[in-house]
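**Student:** Listed below are the residues making up each chain.
2 protein chains.
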Amino acid sequence: MISSQYTKELCSRDSDAKIVLLVIDGLGGLPHPATGKSELETAQLPNLDALAKGGACGLLSPLGAGFTPGSGPAHLALFGYDPWQNQIGRGALSALGLGLDFARGDVAARLNFCTVDAEGRVSDRRAGRIPTEKGRQLCEVLKAVAVPEVEVQVAAEMEYRAGVVLRGAGLGDQVSDSDPQVTGVPPKPLSALAPGSERTVEVADAFLAQAAALLADEHPANMVLLRGFGRYPELMSMDEAYGLKALGIAGYPMYRGVAGAVGMDVEEVGWDLESEFALLESRYADYDFFYVHVKKTDSAGEDGDFDLKVRLLEELDEYIPRLLALQPEVLIVTGDHSTPSIMRSHSWHPVPTVIASQWTLADAAGEFSERGCSAGSLGIAPAASLMAHALAHARRLDKFGA
Amino acid sequence: MISSQYTKELCSRDSDAKIVLLVIDGLGGLPHPATGKSELETAQLPNLDALAKGGACGLLSPLGAGFTPGSGPAHLALFGYDPWQNQIGRGALSALGLGLDFARGDVAARLNFCTVDAEGRVSDRRAGRIPTEKGRQLCEVLKAVAVPEVEVQVAAEMEYRAGVVLRGAGLGDQVSDSDPQVTGVPPKPLSALAPGSERTVEVADAFLAQAAALLADEHPANMVLLRGFGRYPELMSMDEAYGLKALGIAGYPMYRGVAGAVGMDVEEVGWDLESEFALLESRYADYDFFYVHVKKTDSAGEDGDFDLKVRLLEELDEYIPRLLALQPEVLIVTGDHSTPSIMRSHSWHPVPTVIASQWTLADAAGEFSERGCSAGSLGIAPAASLMAHALAHARRLDKFGA
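From first to last, the protein sequence lines are chains A and B.
Take 1078 as the starting number for the first sequence in the working numbering and just add one per residue.
Take 1078 as the starting number for the second sequence in the working numbering and just add one per residue.
These are calculated hints, taken from the structure and not from any lab test.
As the structure is a computational prediction, the values presented were derived from the model and not from experiment.
One thing to keep in mind: the hints can contain errors.
Note: identical chains are not told apart, hence a pair may lie in one copy or across any two.
What the hints assert, rightly or not - Keeping only pairs whose Cα atoms sit at most 20 Å apart, straight-line, the calculated EDC-like set for lysine to aspartate or glutamate is: (1) K1220 x E1236; (2) K1220 x D1194; (3) K1114 x D1159; (4) K1130 x D1440; (5) K1220 x D1316; (6) K1265 x E1118; (7) K1476 x E1379; (8) K1130 x E1118; (9) K1476 x D1254; (10) K1211 x D1394; (11) K1476 x D1380; (12) K1095 x E1217; (13) K1476 x D1159; (14) K1130 x D1178.
Construct the complete structure from the given sequences, taking the supplied hints into account.
**Tutor:** Following this line, the structure appears as structure tokens:
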């Protein structure tokens, strides 16, 4: 399941070299029409540019030419897992991130509070974006749901979003969404998309019926929609795959989820850089590998806010000296995917990447940007090959063959 | 077993264009901390730089990002064989290089003369690095070993090293080493690592018992260790794969071994460039393909001798005009892997490569170096793709499809 079986076979456990992987979500961008410069090219990034000048640079492609990844596959690729072969349902990612008791055999789904009218038609798929606190209260209400022989857990995420985990015998995860994606129509009936998931449909239908009754007098959140059914991902841990004791540092729950799915320890932490970097510093002695996730750049890109993304990159740049002060043997700065502000969405463009270590060739990349890194010595490489690079630079991969 | 079946299907045998593949062992390097320049960048290489300016350049990755190859896989990749799928045990490589009568079904192992104390504990795993001539004499002594129904051959390599070949029915190669890797303990008992190799253990145990008796009065080489058991590699020949009559020119036996394993003719020749180039010139009319191996650069890198590696590269550069004088239709200069002097070991870094032919685009590479070639038109390519390039530039690959 990891990108190359040889990584596992050749990984050496007798090194204490540390690897820090800083993932700037949605890092890559495209030029602003008015200036011809991308977000990275517009930002003043003295520390990242210095890293690029001294390290090995390139562009990482999460899924290969032309394919745009979601956050799950994009992260799995960075962690060295084949992103096509290891799919995690969005519901499973959410459940992992919420810290629910979610284990092998369980099935999770995303739960959105919504508004339905008197005829049962969805009038607002997000229930007026109720505040997070209201979402928490409603999740408490839903704890009254009881389905025979099934354990049901519900936990609030942000605003109108929550997650549900079902535990019981014979639960498959090939179940369609009830979210109709448009308003003015009723929720879609759930259906099994493959044999073995019929029982999940029965259980989820029972859950939906009871939820409707429990929320009937609420406003605006008087119903729920379920989507993104997915089983607990059965992935090899990074310890098993690479011999790395790994810590995942991410303020946003879903990224703790994907980190947890590959066996990283995770701790709750704030979304802000200060909290994340302080956690890194405080736990630096305890782990071999650190995944640090920066979320807001992606949100700015998705909102089409070019200037905000530039400012967030500049703010991050000021934290780079704190990383360097830890003196990791290998420091990698990259993104999970590109989110060009002018596209307002994830994209397929490969992602600027720098590897800084004692064993890199300082290459021709003069700045940390899309065009700068395209002159680097790593070329355009699959994101799933990054972990082999990381392990090699940490001297954690043995020679293959005599 | 070759990297692409299409190479074989499309190779054309009606060309007489010649291909010279010059392999500079451990070619790639990393910058010296004091100068920021690699071995190749430090050396004065007017002839190689001119080749790079006029040819197609790139970086060859033996095993893909991050993986460090041994000499066997690195060479098989250069010859167009999938290096992961075609593994040759070190003992088999040695035996091939020694010119032993080694054929399909035989099993070879490396034999090291060692010193054991009165209690049978290994006190020196290399028997004081006895001179090569002494090693030869002791191999003559070991010719007295006789095992019923098995043919045993022993041949000296350098110093304390030798090779042994066993021929007989039912000999597998999944056998552990007797070399304990440390001193102060007895040799490890051999064991079969998989069913089918039990008979090899019996035969090798008989060999070891007789060797101990034959060498009992010798000093310091009073015992032998066996390691790296491997069967004769069953690889398609380069003639079969590519229609090439090939000559392997290598002073160091192991490289003649890997050349022989892919069906090249090999001849004993000195380690020095003069001997190797003289052999190339004298046999130039007789073959289509020439593999010329330069060993000492790798040894200098492994010894951490940056300056020596620089001087050896400069010495080699002076021989390039002799290659050009032969006017091969395709001249390729590359390495099997990188051996940066500052790492004192093989590494994963891709290897500078130039293809000179009438049909190359002179690209942006201004010099023959890691950074120079990273600006070239071949990009970072798998080493196993090189043979298709070589055949194409020799007009020996037909069009695919109508």
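**Student:** Within, between, both or neither: how does the pair K1095, E1217 come out at a Cα-Cα threshold of 20 Å?
**Tutor:** For K1095 and E1217, the Cα distance exceeds 20 Å both inside one copy (41 Å) and across copies (52 Å).
**Student:** Up to 20 Å between alpha-carbons, please classify K1265 paired with E1118: within, between, both or neither.
**Tutor:** Neither. Shortest intra-copy (45 Å) and inter-copy (61 Å) distances fail the 20 Å Cα cut-off.
**Student:** Go through the copies and call it for K1130 and D1440: within, between, both or neither, with a Cα cutoff of 20 Å.
**Tutor:** both (7 Å within a copy, 19 Å between copies)
**Student:** One pair to classify: K1476 and D1159, alpha carbons no more than 20 Å apart. Within, between, both, or neither?
**Tutor:** Result: close only across copies, 16 Å inter versus 22 Å intra.
**Student:** How would you classify K1220 and D1194 at a CA-CA limit of 20 Å: within, between, both, or neither?
**Tutor:** Neither way: K1220 and D1194 sit 24 Å apart in one copy and 75 Å across, limit 20 Å.
**Student:** For K1130 and D1178, with the copy left unspecified, which applies at a CA distance of at most 20 Å: within, between, both, or neither?
**Tutor:** So K1130 and D1178 fail the 20 Å test inside a copy (45 Å) and across (54 Å) alike.
**Student:** Are the CA atoms of K1211 and D1394 at most 20 Å apart within a copy, between copies, both, or neither?
**Tutor:** neither (36 Å within a copy, 64 Å between copies)
**Student:** Within a copy, between copies, both or neither: where do K1220 and E1236 come within 20 Å Cα-Cα?
**Tutor:** within (18 Å within a copy, 77 Å between copies)
**Student:** Is the C-alpha distance from K1114 to D1159 at most 20 Å within one copy, between copies, in both cases, or in neither?
**Tutor:** neither (33 Å within a copy, 36 Å between copies)
**Student:** Have a look at K1476 and E1379 and pick one of within, between, both or neither, based on CA distance no larger than 20 Å.
**Tutor:** between (43 Å within a copy, 14 Å between copies)
**Student:** How do K1220 and D1316 come out at 20 Å by Cα distance, when the copy is not named: within, between, both, or neither?
**Tutor:** neither (35 Å within a copy, 49 Å between copies)
**Student:** Checking an output row: K1476 and D1380, CA cutoff 20 Å. Within, between, both or neither?
**Tutor:** Between. Shortest inter-copy distance 17 Å satisfies the 20 Å Cα cut-off; intra-copy 46 Å does not.
Of the numbered hints given earlier, the model fails hints 2, 3, 5, 6, 10, 12 and 14; all others are met.
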